[in-house]
Amino acid sequence: MTKEGFIFNVFGYEHPANRVFAFLKYIPDRFKTLFQINFLENNWNYENQRLFRAEKLYTAQNYQAFLETLRKNFPEYVYSCPFRAKETICASLDSVKRIFVPRKCLQNLIHIKYKDELQNMALDLVNLLSTESRIDLEDFGLHGSLALNMHTQKSDIDLVVYGKRNFRILEATIGKLVEERMFTYKFSNRLDVARRYKGKYKGKIFMYNAIRKPEEIGSKYGTLKYTPRIPIRFECKIKDDDEAMFRPAIYEIEDYRSADASSMLHKDETPELVVSMIGCYRNVARKGDSITVSGMLERVENLETGQIVHQVVVGTGLNEEERIWPL
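Residue numbers (this note's numbering): 1 to 327.
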(Lines of atoms letter the chains of each structure in order from A; the text may use other names.)
(Lines give C-alpha, C1' and ligand atoms only; values in the text may rest on other atoms or scores of the structure.)
Protein backbone atom coordinates (compact mmCIF):
# COMPACT_ATOMS: atom_id res chain seq x y z
CA MET A 1 0.00 0.00 0.00
CA THR A 2 1.36 3.42 -0.95
CA LYS A 3 1.17 6.79 0.75
CA GLU A 4 -1.71 7.77 -1.60
CA GLY A 5 -3.67 4.67 -0.63
CA PHE A 6 -3.11 2.68 -3.84
CA ILE A 7 -2.74 -1.06 -3.33
CA PHE A 8 -0.53 -2.80 -5.87
CA ASN A 9 0.18 -6.46 -6.60
CA VAL A 10 3.93 -6.98 -6.82
CA PHE A 11 4.73 -8.54 -10.18
CA GLY A 12 7.43 -11.14 -10.72
CA TYR A 13 10.77 -11.66 -9.00
CA GLU A 14 13.14 -9.26 -10.82
CA HIS A 15 13.01 -5.61 -9.73
CA PRO A 16 15.12 -2.45 -10.21
CA ALA A 17 16.99 -1.03 -7.23
CA ASN A 18 14.56 0.68 -4.81
CA ARG A 19 11.57 -0.16 -7.02
CA VAL A 20 9.11 -3.01 -7.60
CA PHE A 21 7.28 -3.91 -10.79
CA ALA A 22 3.59 -3.99 -9.91
CA PHE A 23 0.02 -3.91 -11.12
CA LEU A 24 -2.53 -1.52 -9.66
CA LYS A 25 -5.36 -3.44 -7.99
CA TYR A 26 -7.22 -1.13 -5.58
CA ILE A 27 -7.82 2.58 -6.16
CA PRO A 28 -8.98 5.04 -3.47
CA ASP A 29 -12.35 6.68 -4.03
CA ARG A 30 -10.85 10.18 -4.34
CA PHE A 31 -8.78 9.13 -7.40
CA LYS A 32 -11.42 7.02 -9.11
CA THR A 33 -12.46 9.65 -11.68
CA LEU A 34 -8.88 9.96 -12.94
CA PHE A 35 -8.97 6.43 -14.38
CA GLN A 36 -10.80 5.86 -17.67
CA ILE A 37 -11.78 2.25 -16.97
CA ASN A 38 -14.86 0.30 -15.95
CA PHE A 39 -15.03 -0.43 -12.23
CA LEU A 40 -16.73 -3.21 -10.33
CA GLU A 41 -19.86 -2.12 -8.49
CA ASN A 42 -18.42 -3.62 -5.31
CA ASN A 43 -16.11 -1.53 -3.17
CA TRP A 44 -13.87 -2.29 -0.22
CA ASN A 45 -13.09 -0.39 2.95
CA TYR A 46 -9.57 -0.20 4.31
CA GLU A 47 -8.86 2.06 7.30
CA ASN A 48 -12.01 4.10 6.60
CA GLN A 49 -11.05 4.57 2.97
CA ARG A 50 -13.25 3.28 0.17
CA LEU A 51 -11.38 1.35 -2.49
CA PHE A 52 -12.45 0.37 -6.01
CA ARG A 53 -11.14 -2.22 -8.45
CA ALA A 54 -11.19 -2.51 -12.23
CA GLU A 55 -13.93 -4.70 -13.66
CA LYS A 56 -11.27 -6.63 -15.59
CA LEU A 57 -7.90 -6.50 -13.91
CA TYR A 58 -5.32 -7.83 -16.34
CA THR A 59 -6.24 -6.61 -19.80
CA ALA A 60 -3.96 -4.77 -22.21
CA GLN A 61 -6.50 -1.94 -22.47
CA ASN A 62 -6.63 -1.44 -18.71
CA TYR A 63 -2.87 -1.66 -18.35
CA GLN A 64 -2.44 1.11 -20.90
CA ALA A 65 -5.17 3.15 -19.19
CA PHE A 66 -3.39 2.76 -15.84
CA LEU A 67 -0.11 3.83 -17.43
CA GLU A 68 -1.70 6.91 -18.98
CA THR A 69 -3.31 8.06 -15.73
CA LEU A 70 -0.19 7.41 -13.67
CA ARG A 71 1.99 9.15 -16.25
CA LYS A 72 -0.18 12.30 -16.06
CA ASN A 73 -0.93 12.36 -12.35
CA PHE A 74 1.54 10.14 -10.51
CA PRO A 75 4.63 9.93 -12.75
CA GLU A 76 6.74 8.45 -9.94
CA TYR A 77 4.88 5.16 -10.57
CA VAL A 78 5.98 4.92 -14.21
CA TYR A 79 9.43 3.56 -14.97
CA SER A 80 11.14 3.33 -18.34
CA CYS A 81 12.87 -0.03 -18.14
CA PRO A 82 16.16 -0.05 -20.11
CA PHE A 83 16.19 -3.86 -20.24
CA ARG A 84 12.67 -4.13 -21.67
CA ALA A 85 12.64 -0.98 -23.79
CA LYS A 86 9.21 0.10 -22.58
CA GLU A 87 7.38 1.99 -19.85
CA THR A 88 6.14 -0.08 -16.94
CA ILE A 89 4.16 0.39 -13.75
CA CYS A 90 6.83 0.32 -11.08
CA ALA A 91 6.41 1.65 -7.55
CA SER A 92 9.24 3.37 -5.73
CA LEU A 93 9.99 1.91 -2.31
CA ASP A 94 9.90 5.47 -0.98
CA SER A 95 6.18 5.58 -1.77
CA VAL A 96 5.39 2.37 0.13
CA LYS A 97 3.46 2.78 3.35
CA ARG A 98 2.67 -0.86 4.12
CA ILE A 99 3.66 -4.27 2.72
CA PHE A 100 1.34 -7.26 2.82
CA VAL A 101 3.25 -10.56 2.75
CA PRO A 102 0.94 -13.59 2.29
CA ARG A 103 2.74 -15.72 4.91
CA LYS A 104 2.55 -12.89 7.47
CA CYS A 105 -1.09 -12.16 6.60
CA LEU A 106 -1.98 -15.75 7.50
CA GLN A 107 -0.05 -15.52 10.76
CA ASN A 108 -1.84 -12.26 11.56
CA LEU A 109 -5.19 -13.96 11.00
CA ILE A 110 -4.22 -16.81 13.32
CA HIS A 111 -3.56 -14.31 16.11
CA ILE A 112 -6.80 -12.31 15.72
CA LYS A 113 -8.70 -12.90 18.95
CA TYR A 114 -12.27 -12.51 17.68
CA LYS A 115 -12.67 -13.97 14.20
CA ASP A 116 -15.72 -13.84 11.97
CA GLU A 117 -17.20 -16.82 10.13
CA LEU A 118 -15.09 -16.44 6.98
CA GLN A 119 -11.87 -16.00 8.93
CA ASN A 120 -12.57 -19.17 10.92
CA MET A 121 -13.44 -21.04 7.74
CA ALA A 122 -10.19 -19.95 6.08
CA LEU A 123 -8.15 -21.19 9.04
CA ASP A 124 -10.07 -24.47 9.13
CA LEU A 125 -9.31 -24.95 5.44
CA VAL A 126 -5.60 -24.14 5.79
CA ASN A 127 -5.25 -26.45 8.78
CA LEU A 128 -7.00 -29.26 6.91
CA LEU A 129 -4.78 -28.82 3.85
CA SER A 130 -1.65 -28.63 5.99
CA THR A 131 -2.58 -31.80 7.87
CA GLU A 132 -3.59 -33.80 4.80
CA SER A 133 -0.64 -32.70 2.67
CA ARG A 134 1.94 -32.66 5.49
CA ILE A 135 3.02 -29.24 4.26
CA ASP A 136 4.16 -27.07 7.16
CA LEU A 137 1.69 -24.33 8.06
CA GLU A 138 4.57 -21.84 7.67
CA ASP A 139 4.57 -22.59 3.93
CA PHE A 140 1.00 -21.35 3.47
CA GLY A 141 -0.10 -17.77 3.00
CA LEU A 142 -3.18 -15.66 2.46
CA HIS A 143 -3.87 -12.87 -0.02
CA GLY A 144 -6.85 -10.98 -1.41
CA SER A 145 -9.33 -8.97 0.64
CA LEU A 146 -9.28 -11.50 3.49
CA ALA A 147 -5.54 -10.95 3.94
CA LEU A 148 -6.13 -7.20 4.25
CA ASN A 149 -9.02 -7.71 6.67
CA MET A 150 -11.36 -5.80 4.36
CA HIS A 151 -13.39 -8.80 3.26
CA THR A 152 -17.14 -9.37 3.33
CA GLN A 153 -18.96 -12.64 3.83
CA LYS A 154 -19.21 -12.85 0.03
CA SER A 155 -15.42 -12.83 -0.36
CA ASP A 156 -13.48 -15.85 -1.56
CA ILE A 157 -10.61 -17.52 0.27
CA ASP A 158 -7.36 -16.87 -1.63
CA LEU A 159 -4.52 -19.13 -0.52
CA VAL A 160 -0.89 -19.41 -1.58
CA VAL A 161 1.66 -22.12 -0.96
CA TYR A 162 5.41 -21.45 -1.05
CA GLY A 163 7.55 -23.62 -3.29
CA LYS A 164 6.99 -25.68 -6.44
CA ARG A 165 7.34 -29.02 -4.68
CA ASN A 166 4.76 -27.97 -2.08
CA PHE A 167 2.45 -26.80 -4.86
CA ARG A 168 2.51 -30.19 -6.58
CA ILE A 169 1.91 -31.94 -3.26
CA LEU A 170 -1.00 -29.63 -2.49
CA GLU A 171 -2.43 -30.10 -5.97
CA ALA A 172 -2.44 -33.87 -5.49
CA THR A 173 -3.87 -33.56 -1.98
CA ILE A 174 -6.77 -31.43 -3.13
CA GLY A 175 -7.45 -33.93 -5.92
CA LYS A 176 -7.59 -36.72 -3.32
CA LEU A 177 -9.93 -34.70 -1.09
CA VAL A 178 -12.20 -34.04 -4.06
CA GLU A 179 -12.35 -37.81 -4.69
CA GLU A 180 -13.23 -38.26 -1.02
CA ARG A 181 -15.94 -35.59 -1.41
CA MET A 182 -14.41 -33.27 1.15
CA PHE A 183 -14.29 -30.61 -1.60
CA THR A 184 -15.66 -30.07 -5.06
CA TYR A 185 -13.83 -28.36 -7.90
CA LYS A 186 -15.33 -25.12 -9.21
CA PHE A 187 -15.09 -24.80 -12.99
CA SER A 188 -16.25 -21.73 -14.90
CA ASN A 189 -14.37 -22.37 -18.15
CA ARG A 190 -11.89 -24.66 -19.85
CA LEU A 191 -8.89 -23.01 -18.20
CA ASP A 192 -10.36 -23.77 -14.77
CA VAL A 193 -10.67 -27.42 -15.79
CA ALA A 194 -7.03 -27.45 -16.87
CA ARG A 195 -5.72 -25.67 -13.76
CA ARG A 196 -7.96 -27.25 -11.07
CA TYR A 197 -6.96 -24.42 -8.75
CA LYS A 198 -10.45 -23.44 -7.63
CA GLY A 199 -12.79 -25.38 -5.36
CA LYS A 200 -15.62 -25.20 -2.87
CA TYR A 201 -15.24 -25.86 0.84
CA LYS A 202 -18.40 -25.79 2.97
CA GLY A 203 -20.10 -23.78 0.22
CA LYS A 204 -17.32 -21.17 0.00
CA ILE A 205 -15.08 -20.76 -3.07
CA PHE A 206 -11.36 -21.02 -2.44
CA MET A 207 -8.38 -20.68 -4.78
CA TYR A 208 -4.74 -21.61 -4.38
CA ASN A 209 -1.62 -20.51 -6.23
CA ALA A 210 2.15 -20.75 -5.81
CA ILE A 211 4.90 -18.33 -4.76
CA ARG A 212 8.58 -19.06 -5.19
CA LYS A 213 10.69 -19.74 -2.14
CA PRO A 214 13.78 -17.48 -1.95
CA GLU A 215 16.06 -20.31 -3.09
CA GLU A 216 13.88 -20.77 -6.19
CA ILE A 217 14.55 -17.23 -7.44
CA GLY A 218 17.40 -17.59 -9.91
CA SER A 219 17.04 -14.39 -11.92
CA LYS A 220 18.41 -10.94 -11.18
CA TYR A 221 17.27 -7.63 -12.64
CA GLY A 222 19.67 -6.28 -15.23
CA THR A 223 21.18 -9.64 -16.21
CA LEU A 224 18.83 -10.20 -19.13
CA LYS A 225 17.88 -7.81 -21.93
CA TYR A 226 14.51 -8.42 -23.62
CA THR A 227 13.95 -7.20 -27.17
CA PRO A 228 10.45 -7.56 -28.70
CA ARG A 229 10.46 -8.99 -32.23
CA ILE A 230 7.06 -9.83 -33.77
CA PRO A 231 3.67 -11.14 -32.62
CA ILE A 232 3.29 -14.83 -33.52
CA ARG A 233 0.74 -17.64 -33.30
CA PHE A 234 1.69 -21.30 -33.09
CA GLU A 235 1.17 -24.74 -31.59
CA CYS A 236 3.80 -26.55 -29.54
CA LYS A 237 4.35 -29.29 -27.00
CA ILE A 238 5.29 -28.76 -23.35
CA LYS A 239 8.80 -30.07 -22.72
CA ASP A 240 8.94 -29.08 -19.05
CA ASP A 241 6.32 -27.67 -16.65
CA ASP A 242 8.61 -27.24 -13.62
CA GLU A 243 7.87 -23.50 -13.32
CA ALA A 244 4.36 -23.39 -14.76
CA MET A 245 2.68 -22.72 -11.41
CA PHE A 246 4.34 -19.39 -10.71
CA ARG A 247 3.69 -15.90 -12.04
CA PRO A 248 5.22 -15.37 -14.50
CA ALA A 249 4.42 -18.94 -15.55
CA ILE A 250 7.28 -20.46 -17.53
CA TYR A 251 6.82 -23.36 -19.94
CA GLU A 252 9.77 -24.99 -21.70
CA ILE A 253 8.52 -25.98 -25.15
CA GLU A 254 9.41 -28.07 -28.21
CA ASP A 255 7.89 -29.03 -31.57
CA TYR A 256 7.12 -25.44 -32.65
CA ARG A 257 4.48 -25.32 -35.44
CA SER A 258 3.53 -21.93 -36.89
CA ALA A 259 -0.18 -21.15 -37.26
CA ASP A 260 0.26 -18.69 -40.15
CA ALA A 261 2.86 -17.42 -42.61
CA SER A 262 3.90 -14.48 -40.44
CA SER A 263 4.77 -16.88 -37.62
CA MET A 264 7.23 -18.95 -39.67
CA LEU A 265 10.65 -18.41 -38.10
CA HIS A 266 14.30 -19.05 -38.86
CA LYS A 267 15.72 -21.93 -36.85
CA ASP A 268 17.81 -19.60 -34.67
CA GLU A 269 14.68 -17.62 -33.72
CA THR A 270 12.56 -20.60 -32.66
CA PRO A 271 11.38 -19.99 -29.06
CA GLU A 272 12.46 -22.28 -26.26
CA LEU A 273 10.08 -20.85 -23.67
CA VAL A 274 6.54 -19.54 -23.34
CA VAL A 275 6.24 -17.05 -20.49
CA SER A 276 2.83 -15.90 -19.26
CA MET A 277 2.49 -12.68 -17.30
CA ILE A 278 -1.28 -13.32 -17.10
CA GLY A 279 -2.27 -15.31 -14.03
CA CYS A 280 -5.06 -17.36 -15.58
CA TYR A 281 -2.52 -19.17 -17.77
CA ARG A 282 -0.58 -20.59 -14.84
CA ASN A 283 -0.46 -24.39 -14.74
CA VAL A 284 -2.80 -24.87 -17.71
CA ALA A 285 -0.65 -27.58 -19.32
CA ARG A 286 1.71 -30.33 -18.17
CA LYS A 287 4.73 -32.01 -19.69
CA GLY A 288 3.73 -33.76 -22.93
CA ASP A 289 0.59 -31.64 -23.45
CA SER A 290 0.05 -29.56 -26.58
CA ILE A 291 -1.00 -25.91 -26.48
CA THR A 292 -1.80 -23.09 -28.88
CA VAL A 293 -0.12 -19.76 -28.16
CA SER A 294 -0.53 -16.19 -29.31
CA GLY A 295 2.10 -13.79 -28.01
CA MET A 296 5.15 -11.63 -28.63
CA LEU A 297 8.40 -13.22 -29.74
CA GLU A 298 11.28 -11.81 -27.69
CA ARG A 299 15.03 -12.02 -28.11
CA VAL A 300 16.60 -12.57 -24.68
CA GLU A 301 20.27 -11.73 -24.25
CA ASN A 302 22.24 -12.62 -21.14
CA LEU A 303 24.42 -9.54 -20.68
CA GLU A 304 26.91 -11.44 -18.53
CA THR A 305 27.49 -14.47 -20.78
CA GLY A 306 26.35 -13.19 -24.19
CA GLN A 307 24.00 -16.17 -24.61
CA ILE A 308 20.92 -15.47 -26.73
CA VAL A 309 17.65 -17.39 -26.62
CA HIS A 310 14.12 -16.63 -27.78
CA GLN A 311 10.89 -16.80 -25.86
CA VAL A 312 7.25 -15.90 -26.40
CA VAL A 313 5.57 -13.61 -23.88
CA VAL A 314 1.84 -13.74 -23.22
CA GLY A 315 0.63 -10.61 -21.44
CA THR A 316 2.82 -7.81 -22.75
CA GLY A 317 0.10 -5.25 -22.03
CA LEU A 318 -0.01 -4.35 -25.73
CA ASN A 319 -2.39 -6.84 -27.31
CA GLU A 320 -5.66 -8.36 -26.06
CA GLU A 321 -5.22 -11.39 -28.33
CA GLU A 322 -2.27 -12.86 -26.40
CA ARG A 323 -3.23 -16.17 -24.84
CA ILE A 324 -2.38 -19.81 -24.09
CA TRP A 325 -4.93 -22.47 -24.81
CA PRO A 326 -4.61 -26.18 -23.92
CA LEU A 327 -5.45 -28.61 -26.71
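Treat the hints as calculated values from the structure; they're not laboratory data. Any given hint could be a false lead.
With a cut-off of at most 27 angstroms between alpha-carbon atoms, the simulated DSS-like pairs for lysine-lysine come out as follows [said to hold, decoys possible]:
id, residue 1, residue 2
1, LYS176, LYS164
2, LYS198, LYS104
3, LYS56, LYS176
4, LYS200, LYS239
5, LYS25, LYS154
Hint-by-hint comparison with the structure:
no. : hint            : verdict
1   : LYS176 x LYS164 : holds, 19 angstroms
2   : LYS198 x LYS104 : holds, 23 angstroms
3   : LYS56 x LYS176  : violated, 33 angstroms
4   : LYS200 x LYS239 : violated, 32 angstroms
5   : LYS25 x LYS154  : holds, 19 angstroms
When the structure is compared with the earlier hints, violations turn up for hints 3 and 4 and for no others.
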